[in-house]
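Produce the entire structure from the sequences given, and follow the hints as far as they go.
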Amino acid sequence: MPILELDNVTKRFGGLTAVKNVTFTLQEGEIVFIIGPNGAGKTSVFNLISGFLHPDEGSIRFQGKNLSKLPPYQAARLGIGRTFQIVKPLASLSVLENVMLGAFMHTGNTRKAEQEAKKILEFLQMAHLENFPARGLPLAALKRLEIARALATMPKMVLLDEVVSGLTTSEALALAGVVKRLPEWGVSVVGGVEHVMQVVMKIAHRIVVLDHGAKIAEGQPEDVVKQPAVIEAYLGAKYKELTQ
Amino acid sequence: MSSLRGWRLWTLLGFLAASTGLPAVVPNDYLLQVLFRIALFAALGLAWNLVGGYAGQLSLGHVAYFGVGAYGLALFTEHSVPKWISVFLAASVAALFAAVIGRIVFRLRGPYFTLSTIAFAEVLRLTATNLNMTGGAIGLTTPALFTGNSFWTLFYLAAVFLAFITFLVNYWVSRSRFGYYLLAIREDEDTASAVGIDTAGYKLRALLISAFITALGGALYASAFQFIVPDSVLTIDISVQIAIITMLGGAGTLPGPVVGAVLLLGASEMFKEQFKESHLLIYGLLIVVVVLFLPEGIVGGFEQRLRRRKKPPADATALAPGGN
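From first to last, the protein sequence lines are chains A and B.
Using our numbering, you'd call the opening residue of the first sequence number -16 and step up by one each time.
Using our numbering, you'd call the opening residue of the second sequence number 2 and step up by one each time.
You may find that some hints are simply not true.
[Said to hold, decoys possible] Some chain A residues flagged as far from chain B (calculated, every beta-carbon gap over 12 Å): (1) Ser51; (2) Val82; (3) Met184; (4) His188; (5) Gln203; (6) Gln210; (7) Glu215.
[What the hints assert, rightly or not] So the derived list for chain B, only partly shown, Cβ under 10 Å to chain A, looks like this: (8) Phe16; (9) Arg178; (10) Tyr182; (11) Leu184; (12) Ala185; (13) Asp191; (14) Ala193; (15) Ile198; (16) Ala201; (17) Gly253.
[What the hints assert, rightly or not] With the Cβ distance kept under 10 Å, some of the chain B side facing chain A (calculated, not the full set): (18) Arg176; (19) Ser177; (20) Phe179; (21) Arg187; (22) Glu188; (23) Asp189; (24) Thr192; (25) Ser194; (26) Ala195; (27) Val196; (28) Gly197; (29) Asp199; (30) Gly202; (31) Glu297; (32) Gln305.
Please keep in mind that the hints were generated in silico from the structure rather than gathered at the bench.
Backbone N, C-alpha and C fix where the C-beta goes; we use that ideal spot for every residue, glycine too.
As structure tokens, then:
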């Protein structure tokens, strides 16, 4: 059974249809990336899955449970972790405290939350930053902090919205290495990326391509990037030349 | 969050001992009354700190709970409920009232939230001014909880006790999951809900505790002056003073509200004697100086400076490449 199923999901903002009849599934342990140009509806899809928006039509099921009207905090408690495209650290708290907040979802004990947070920071190679205030960290660290906080809730799935945008290539590839290992922790991944195809090709098991809110392609990364519709809408003529 | 051990614990105990011993060396009732106000507003500031400091919800309507405490004491005792029971009944009514108000005002954010808290308090003031039951603009008499020669000493000690209990509540909050959740709500509500925090629910819980304690303070105040009118216990001035005291001392810090109450009320009292009417000018200047140079409040600014000094060198933020 897939862990996540979107079935003909539509979301409108007034006259604008941000998400149009989008259907896709995520299997347990899978890493799926949603790609598409700016404004394609990626962030809306993440907001729909995590309860920050609710679909006008269609249904979203997580482990068989319908999410359609659930508020964000309950979606989180079901095991849906997320990061934000525009990083949202709890600025005046330390890195450790930021991650502890995630751990507090399943323990009321401050010390236990602290231990778990430290373990996760270790995994993300951020242990040396734990006492810094989140404010003033470089972007690469903030992106990792978003992931760390989400992982601390012990999610079954994480939604990583633009997880590598704004990073240098080497920072992005380093972070991709971390994301690739998430299924080992029992975490399935839906990522969203506007460009940085290098990262997507390296770690995605499957790609869903959105354009103007609609799904225009889906499949293995190598196959998808060869489809004319995808090249037209997204990758551009220059990429076409490169692949030939 | 620093724990209450070592020098911190000793400072707290020393401060508490000094506060309780103070009446022995204070020569007159007038000064005791000033001390009572300082201790009472320290308690009120600490209660407000839960909502306005930790949860970051700038309420300017806390006088509503203060007033419910004051009027509750008057009305319950009027119906021959024992006075101490009346105090706690009044505080429970305030908490109940907070549950209703909170459900409405917490739907709003930022300035809209603040304005709506003011509006509710004003509605209450106008209601008390126009109802026969509350004595209208003429007001009500309230029973004295303490009597006898050491009247002001006992009221002062009661206020110190209330402040101490509220300090302990703040301390517990600052160390618990509940407190971390309030901080998360203050910093970013979206992030808070993304880690499973029921933001509306936690804000409401903070407000219930805060309203209960604020009402206890209101009842104590009403009882000390034995007479209340809407303009004395439901005026927006009290809401503003509670908020300013806390922000001046440092909202979201443990000692902040106490420091704020001592400095602001102490200074205003001192200047009142020396500068007569112009003391309000100095009061205002003091606030401007703190807002300009210590926007996090006195304690907050101090803590921040300490933290900045602890900052490791810039290259410590470099990240090792991720695992592969």
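Here is what the structure says about each hint:
no.: 1; hint: Ser51; verdict: 17 Å, holds
no.: 2; hint: Val82; verdict: 10 Å, violated
no.: 3; hint: Met184; verdict: 15 Å, holds
no.: 4; hint: His188; verdict: 17 Å, holds
no.: 5; hint: Gln203; verdict: 21 Å, holds
no.: 6; hint: Gln210; verdict: 29 Å, holds
no.: 7; hint: Glu215; verdict: 34 Å, holds
no.: 8; hint: Phe16; verdict: 25 Å, violated
no.: 9; hint: Arg178; verdict: 5 Å, holds
no.: 10; hint: Tyr182; verdict: 7 Å, holds
no.: 11; hint: Leu184; verdict: 6 Å, holds
no.: 12; hint: Ala185; verdict: 5 Å, holds
no.: 13; hint: Asp191; verdict: 6 Å, holds
no.: 14; hint: Ala193; verdict: 8 Å, holds
no.: 15; hint: Ile198; verdict: 6 Å, holds
no.: 16; hint: Ala201; verdict: 9 Å, holds
no.: 17; hint: Gly253; verdict: 8 Å, holds
no.: 18; hint: Arg176; verdict: 6 Å, holds
no.: 19; hint: Ser177; verdict: 7 Å, holds
no.: 20; hint: Phe179; verdict: 9 Å, holds
no.: 21; hint: Arg187; verdict: 8 Å, holds
no.: 22; hint: Glu188; verdict: 4 Å, holds
no.: 23; hint: Asp189; verdict: 5 Å, holds
no.: 24; hint: Thr192; verdict: 4 Å, holds
no.: 25; hint: Ser194; verdict: 4 Å, holds
no.: 26; hint: Ala195; verdict: 5 Å, holds
no.: 27; hint: Val196; verdict: 5 Å, holds
no.: 28; hint: Gly197; verdict: 4 Å, holds
no.: 29; hint: Asp199; verdict: 5 Å, holds
no.: 30; hint: Gly202; verdict: 9 Å, holds
no.: 31; hint: Glu297; verdict: 9 Å, holds
no.: 32; hint: Gln305; verdict: 9 Å, holds
Comparing the model with each earlier hint shows violations of hints 2, 8; every other hint is respected.
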